[in-house]
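*Asks:* Residue numbers (this note's numbering), protein chains in the order written: chain H, 1 to 181; chain X, 1 to 452; chain D, 1 to 988.
It is possible that part of the hints are untrue.
[What the hints assert, rightly or not] What the simulated footprint calls covered on chain H by chain X, stretch by stretch (three residues with Cβ under 8 Å from a Cβ of chain X suffice, anywhere in the stretch; the number is not a length):
id: 1; region: 38-51
id: 2; region: 72-81
id: 3; region: 97-105
id: 4; region: 141-150
id: 5; region: 164-174
Hints were generated in silico from the structure; no laboratory data involved.
The beta-carbon is built from N, C-alpha and C at its ideal position, and this holds for glycine as well.
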Amino acid sequence: MSGETESAYGLIGAFADPHAAVAMARHLRRDGFRRFEIYSPLPLEETNEFIAKEPRNWLALIMFAAAIGGVVIGFVMQYVIAVIGYPINIGGRPLNSWPAFIPVAWEICALFTVYIGFAAFLAFCRLPKLYHPVFNAPGFERASQDRIFLCVETRDPRFDNQQLQSMFHEHRAVAIGEVPL
Amino acid sequence: MATAETHWREPVIGPEQNYATVSEHLSDLVLVQRTPLWWYAGFGVSMLLFLWLVVAAVYLLANGIGVWGVNIPVAWGWALANYVWWIGIASGGTFISSLFYLVGADWRNGVNRFAESLTLFAAAAAGLMPIFHLGRQGLFYWLFPYPSVMGIWPQFRSPLLWDFFALLCYILNSIVFWYIGLIPDCATLRDRATTRRAQIFYGLLALGWRGSARHWRNYKIVYLVMAGFMAPMVVSVHSIVGLDFAAGIAAGWHSTQWPPYFFIGALYSGWASTLLLMIPIRRLYRLERIVTERHIEVIAKLMLATGLMLAYCYALEAFQPFYRGDQAERDAYLYGAFGAHAGSFWVRNSLNIFLPQLLWIPALRRNRVLLVLLSFGIVVGMWFERFNFVVTALAHDYIPSYWFTFSATIWDEGILYGSIGLVLAGFFLFIRLLPVVSMFELREVIRRKERA
Amino acid sequence: MTAPSTPADLPALRRKLAQETGPRFWRSLEELAETPAFLELLQQEFPPFAAAAVQGFDRRRFLQLMAASMALGGLTGCQKEVEQRQLSPYVEQPPGIVPGLSRHYATATSLDGFGYGVILRHEMGRPLKVEGNPDHPASLGGSSAIGQASILGLYDPYRAQTITQNGQLASDSALRTMLVERAAALGATHGSGLRLLTGAVTSPSLAAQIDALRKAYPQMAWHQWEAVDRDTVRDGARLAFGRVIDTVCDFARADLVLGIESDALSAAPGHLRYARDFAARRRPDDAKSPMSRLYAIESTPTLLGAKADHRLVMKPGNIQHALRLVAGAVKAGPSDWANIPVPQAQELAGLIADLQAHRGRCLVHAGRAQPADIHALCHAINHALDGFGQTVHTIEPVEALPTDGDTSLAELVADIEAGRVDTLFILGVNAAYTAPADIGIAAALRLVPHSIYLGERADETAELCHWHIPAAHEYEMWSDVRAYDGTATIQQPQVRPLYGGRSAHEILAMLLGEARRDDRTALRERWRHASGAADFERFWTEALRAGVVPNSAAAPTRVAPRPDYATALPPPAATAGLSLLYRPDLGLWDGRFADNGWLQEMARPFTRLTWDNAAEIAPATAERLGLQQSDMVELALDGKKLRAPVWILPGQAAECVTLRLGYGRRRAGPVGTGVGVNAYRLRSARNGWNAPGLALAKVSGRHLFASEQHEWLMHGENLIRATTLEQLHGKSPVPEAGTSDASLYPGFAYDGIAWAMSISLNSCIGCQACVIACQAENNIPVVGKEEVARGRIMHWLRIDRYYEGPLDAPATHFQPVPCMHCENAPCEVVCPVQATVHDSQGLNVMVYNRCVGTRFCSNNCPYKVRRFNFFDYSGDDPRPRESWNPEVTVRGRGVMEKCTYCIQRTRQAMIEADKANRPIADGEVLTACQQACPTQAIVFGNKNDTASAVARRKASALDYAMLDELNTRPRTSYETAVRNPNPSIKTS
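Based on the provided sequences and hints, a complete structural model is requested.
*Replies:* Here is the structure:
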């Protein structure tokens, strides 16, 4: 391992074609690389296979739980107020006018789901995170426009600058560069 | 997809478009292009209207709602009509971006950003109305679910309270739904921005979005679930607005058909207002290759279909009082159709039902000027529908001795026209500061086309 | 008005003040305040109201006037009455006044001279609410709208507050000096040149004083003028009996009543008593007293006519013919009368048969607006049918001077024009406004060398007189008054004069040289003689407490009509052509109440008009002349012209235009000035009630009416259920009573008290007393014509009026509509903030301070009984702060309000019952409307108590709930209207 790469975050290559980037990623995984990441200006279904670490449905589960919680909290709030807190005769209607409590319960459910879901999403994405080393990569601004980037981190035990360079080349990377730390 | 597209004359996006071109075109509109003159003009006019709203509101708050035309029995007037109207306009956007996302319609990606932004400002305008219309506006917060004064909570059997919750949750959710869709595009703007201020501004909005695989995967999940909730929510919101009236006992209001009736009307005005704004913007921003003829055609057809559904609702509205045979209800309907406010009744029928039948003819459907005119007509017609609906039932309730009419004052008008200014001003700011079409979703469309 | 004072006066005043030292300062400030210079200065500072009174009146005027009345408050503050203005300052508690405990004092009000016993409720020493006096024969606890509104008249900030001489403020001492001078001057001439002009006088003490005056000034003359006079009644008596006789009717004993445009329920002396007795005989389910039958023959609708089983609409001339026919048929007149051709002969035949069948049990009554011969004929018919002694009693005239007003006034004017009048005292008669146009009183008044006017307001007459002395309100003075049957009441002041008013007694006393005379002492002396009671103190306190002088009613006299009366009758009026009918207004009477906002805003029973009078014409006439509602027309009568808006009135006789008196005031204060059109400008002494030869021409322009009700018909809604006695007894189907109480959910249980109300459509005569009583009790603000026209009237209780049958002669239904207090209240369910909820007694309560004003409750109220404060109506109401009822919250802007079943009264009763540890007795709580109702149409109480009156009413088969198909389960229910038509008459 050469000295200058010690100070680097990793080696990054830009691809014009998503397939190429994915192909290279598959190659890397075959060779036992673990610490690499694909950055794309649009979602690529194929990339999901490279991040199968955490069970992928947690986020959905959390939102589901939020929905259930919303309904329960929404209804119980109304029930407690109308039946226990203030058992007032309103227009001769029964204290527990449960059909009338459904709309509010549903709205609260939707509110909880969307907001908790959003919070969970940010947490899972580690956002907001205004600085990240990969932003230092040359030409990385195109990662949000028309280029797919693949970055292999120096922390990866199998990291070898030369080998990776050639690998990028053979996968038709349009640009290769080091990501300074 | 591909098979589905073949029989379209126009593609959903220009074949020459690629990742780079859409990114450049759309972000340059915001970052590079100098503010065009028409924008200043439009924004100026909107702000003047908005100023009118401010004046009307101040006068209203100072003197009480007596300055309006409301009375006993017609205790609800324009404010409520405006409210229902704006909510309706708002619904369209959410519906496009949520439901058509779920069904995976590609054309949706060309227009959802317009529509959603419109939703936001329309919902805000709608939110003002119920507060203005209170007798003691300063105390609207007593509707929040907490023991406000003397430890009293709100009364959850009231449709108005359902409405309050629905509107509040709807506005809050729409903001998140709209914003989450903006994050990747803000990242693009951040990266393309040349000035420091723009970089910081969009950088903050982008929250440090990197478009990593993990980001995208979570994004897809959360957006899917949100869409799954927003679609039924928008249905519920306008249905609850319908319940405001259906749950009442007033003759002409007390009927189960209003929730769907209102929702369909809402979509209708939603499509119309979207077209109304989209067609000029498309032209002014040279978006013809991105927002193609097809988008317009699709929405035009949707409009036609929804118009037919609404026609069915109107027919039912006419049929039920006579079928049910309640004297008061019959009187109320006939009064609406032929009474003091009959004008609004026939305006609504003409603009909402009769004229839009022109859309059957493909040539007319593709005539953008006509489309704009028809859409405008529908937006106006929907207001008259709301007005007729709110006022006539009250003016002609069970007790003949208390039949009366409603006549608006200039302060009613100030609130309505002013609120239009509020919405337009917001919309102009949006088209100046943010990409009017979702860029990354266009990239998806392009990719799908490439793979097909 | 001019105020010649210049700033130069100020230093002068300062100097004067500077000279004052030590203890004399305070007393001398009063004197100072009366020096002309200072008064003129005030004049400049606070321009008097005459300046503020302009044409037209809307909400903005209210705001201005409120400010102005504050200014006036400041003005009074500078005056001698300062300690009287402040009623009961609560700095230290006055003896005997307990906060929250109300006290009651009896007195009487008078209308055209006749007294009606009232009891005033005092809170914290302030009289705040008028109720009828149950012990008084003319009231029996009932009251009229005018009586109810009298309390607002007492507090009216626009009453005259200062003595003026030629429009300038004058001092009390100046007045005394003037009177002494006049007394001296007149004494020298034995009072020739002294003239006294009063209204109808029944007050024994005032009459006595006037007699004393006549003794002191033998040459003087006493003239009398009432715009709404009873000349025709007196003339009728002269025609029939040869002398003036008052008749007292006994409706309780009348099985058959014939009303000739009778004002027996609306205006006749004793009408409240008559209404009570009449209603007592109109209870279909009352086994003891069979339901009476009522015929009415009239040209313009009357309250009595609205209740009639057979109402014949005729032109005045035809009425005269018809009554002659009846008289002839029942042997009360020449037999050849019996075949006079008249319209509606079939109905009349049925009537005649009925009359003969009810010999001795029938009663014929004619209104004061009918000509003398009608009254004579009524006497004759009553006599021929043995009515005298049975249903009609005759007594000696109650009035002290039963003279003909028109003649009397004409004489006065003649004397003035002949220069025979030197000093004219006008006691409370606004002659300049109410006198017929052809008696030029206004012009004449200017000729009088010394004219002194005692009047409550700076009105049209005050303007023309040299001196204007503010008159004390009836509730501010010691006096006495007699009722329709002669019963006397000693009027005790309820409060010291708020604005320094003087009483007529005081003025006459000064004229008689009785210096520093005290009305009370004088009154006591007079009654000490009159009563001849052994223990006078007991008599006095008892009389004051009860509000009635025991057995002071006039003894019946036996008289019989002259056999030849028929020959003396004047010929009937022509029946051809348009004629103009002048009628008193139910609220403004002759115009004296024009400054009373409650009465102005009271919807009239038939037109439902507020803030206006109109040319009321029959639909047929409107069609003939091509007139629409609220068109403007020009009424021309013997050369005089008047523009008036048209109101089309079903049940009005064709070719008859009715114009209500009392409107179009020029100087009636800010409330009444310029409201409506002035009928007096057309009225002539000759045709005081019915003027033939009217010419009517449509002119350009339309008028904006402020009517509370815009729809006349029920449109198939089952709001009012009506049937006939025949059907009822024939057990033929009464309109079905209610829907089933089936429900998925268990209802709420109301063990203990369940307040409920029942309103009898048979008893309600539409007199509006309950509406004004509710307004007085519940601090309901006046909103002004503009707001009423915009549909924002605030009355918690309204009396809906519906027509049934042919447009020209429809049956009229009155339906009082308060809050229904539904057990399944639709309003409560839709309130998002629990501002309106049910209480444990089933009341639908409104929590004002919780209301945010969504107004959904009003939309959801099928009965439309909720009212909303679109503006700060209470704040803008010009009435003085101290006149609001402290028991009831004054509502602010943006809050919904409605009938509470007078919750303040129910709560008070519950507290009293709790203290005594007893249940609330039935009838212990009277709602304001119930208490005011002269016919006991409204019954209120605990429906859980099966013995209670309300429970019994609700048990009746006639009881029904309005709109019960909505399953609102109202606590307020109605008694089906039952008519008792003559089976032999087949009405189309």
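*Asks:* Quick one: which hint numbers does this structure break? Sort them smallest to largest.
*Replies:* Hint 5 alone not satisfied by this model.
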